[in-house]
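Engineer: So you can see what is in the structure, the chains are spelled out below.
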Amino acid sequence: MSDANSELTPLWEVFIRPRTGLAHSHVGSVHAADEVMALQAARDVYTRRGEGVSIWVVPSASITASDPAQRDENFEPAASKIYRHPSFYDIPDDVGHM
Amino acid sequence: MYSQGLIGADGRTAEDQDFLNRFQARIDDEQKIEPNDPMPEGYRRTLVRQIGQHAHSEIVGMLPEGNWITRAPSLRRKASLLAKVQDEGGHGLYLYSAAETLGVSREQMTEELLTGKAKYSSIFNYPTLSWADIGTIGWLVDGAAIMNQIPLCRCSYGPYARAMIRICKEESFHQRQGYEIVMKLAQGSPEQKAMAQESLDRFWQPVLMMFGPPDSESQNTDQSTRWKIKRFTNDELRQKFVDATVPQAEFLGLTIPDPDLKWNEDKQGFDFGPIDWDEFWRVVKGKGPMNRQRVEARQKAWDDGAWVREAALAHAEKRRAMAAE
Ligand SMILES: [Fe+2]
Ligand SMILES: [Fe+2]
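Residue numbers (my numbering), protein chains in the order written: chain P, 4 to 101; chain D, 764 to 1088.
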């Protein structure tokens, strides 16, 4: 087994575009020494049945994530601003579809 | 394929009651728990162990079937078997990837498999002696795995549930290719039918053991159920499996090797005979027919692959250095 951290094979996050017209979305991760091998491994592991037409691999260490402990602080304000939604506004039916 | 009723989890946890209550409230509300969310240490530990066992089972499960790839009786069978075994490798990787989100490294999990610290499903410690065994494994072993895995698609831990959804989509092909193999044999010559029956005779009890020890003996069910890691008990899943499988065997004209098997009108399910739990524990503790060979094969793969891993890392390092110049 590897005894130094530097010997560990790096981890890559895998994103797949299921078909054109859709965005890439996260499907999991693979270990690979470099980006070329990461793409090959991602293809073998995550697209054996036509799951995608395009793959992105990103070094896991390059991702900066929001802190789950600050979830409320970050996202709660959005929930209280109901005036950001169309249903907040009263428009008479007579106006027709708007 | 193949999760087993979890062997030897330790759900004990030391957080304060307030924290545990808040966590339980999220679970009760059917919220998924995601990698960096606060979670009780016992929850994390149980999942690392369960997902690890599950991943190892997929990987070790490639060995008994891989044994028959070069001897498959036709190109069609060979192509299917190759694809199935490749899927199992993929399943192992989805699951290792899910376990790694809990802060355990791939190297650590591999080490635990090779030293025998981590378990894998006991079913893979039985040999594949005839071609019929490949059919039986797809039909029954993957069939049992599907019973176990469908409820895991709703597991409270997000990355595990998502991996299970991918896996379940792929398992159906595994079971059908297995059943088709057994069906061809069962409808073939008397010798072929006898081969299918003999295989069913050997695998039936070990397959029932895949669901893990009886509820009366398994301590980890309660906590895992409260945390919604597990949705059904071992005995409930075993019963569902028997009820689903008996008619499939009848259709083939094969006999399930259990004199006590009979329909119970009251419970609307089959009663079945006792299971040899001593054998189960012997196999789990390393004394099954193939335990030694399975771990040796994984050790050899790890050792033989060492130069490839080292060369790939050295090559990547060199390319980085050249790009920096
Ligand atoms: Fe699998
Ligand atoms: Fe499978």
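No lab work stands behind these hints, which were simulated from the structure alone.
Treat the hints loosely; a few may be bogus.
Have a look at the derived ranges for each label pair, beta carbon to beta carbon [to be verified]:
{"no.": "1", "chain 1": "D", "residue 1": "Asp1039", "chain 2": "P", "residue 2": "Ala81", "range": "57 to 63 angstroms"}
{"no.": "2", "chain 1": "P", "residue 1": "Asp75", "chain 2": "D", "residue 2": "Lys1081", "range": "29 to 35 angstroms"}
{"no.": "3", "chain 1": "D", "residue 1": "Lys932", "chain 2": "P", "residue 2": "Glu76", "range": "52 to 58 angstroms"}
{"no.": "4", "chain 1": "D", "residue 1": "Asp791", "chain 2": "P", "residue 2": "Glu38", "range": "40 to 46 angstroms"}
{"no.": "5", "chain 1": "P", "residue 1": "Ser57", "chain 2": "D", "residue 2": "Val1071", "range": "25 to 31 angstroms"}
{"no.": "6", "chain 1": "P", "residue 1": "Ala81", "chain 2": "D", "residue 2": "Asp1041", "range": "55 to 61 angstroms"}
{"no.": "7", "chain 1": "P", "residue 1": "Glu76", "chain 2": "D", "residue 2": "Gly866", "range": "51 to 57 angstroms"}
{"no.": "8", "chain 1": "D", "residue 1": "Glu1088", "chain 2": "P", "residue 2": "Glu76", "range": "43 to 49 angstroms"}
{"no.": "9", "chain 1": "D", "residue 1": "Ala1075", "chain 2": "P", "residue 2": "Ala82", "range": "44 to 50 angstroms"}
Sample of chain P residues with no beta-carbon within 10 angstroms of chain D, all distances over it, derived [said to hold, decoys possible]:
{"no.": "10", "residue": "Gly55"}
{"no.": "11", "residue": "Ile58"}
{"no.": "12", "residue": "Val61"}
{"no.": "13", "residue": "Thr67"}
Here the structure is a predicted model, which means the values were calculated and not measured.
Ideal placement from N, C-alpha and C gives every residue a C-beta, glycine not left out.
Engineer: Against each hint, give a clear statement of whether it holds in the structure.
Structural biologist: Here is what the structure says about each hint:
no., hint, result
1, D:Asp1039 - P:Ala81: 57 to 63 angstroms, "holds, 58 angstroms"
2, P:Asp75 - D:Lys1081: 29 to 35 angstroms, "violated, 47 angstroms"
3, D:Lys932 - P:Glu76: 52 to 58 angstroms, "violated, 37 angstroms"
4, D:Asp791 - P:Glu38: 40 to 46 angstroms, "holds, 43 angstroms"
5, P:Ser57 - D:Val1071: 25 to 31 angstroms, "holds, 28 angstroms"
6, P:Ala81 - D:Asp1041: 55 to 61 angstroms, "holds, 59 angstroms"
7, P:Glu76 - D:Gly866: 51 to 57 angstroms, "violated, 24 angstroms"
8, D:Glu1088 - P:Glu76: 43 to 49 angstroms, "holds, 45 angstroms"
9, D:Ala1075 - P:Ala82: 44 to 50 angstroms, "holds, 47 angstroms"
10, Gly55, "holds, 13 angstroms"
11, Ile58, "holds, 15 angstroms"
12, Val61, "holds, 14 angstroms"
13, Thr67, "holds, 12 angstroms"
The structure does not agree with the numbered hints 2, 3, 7 stated previously, though it agrees with the rest.
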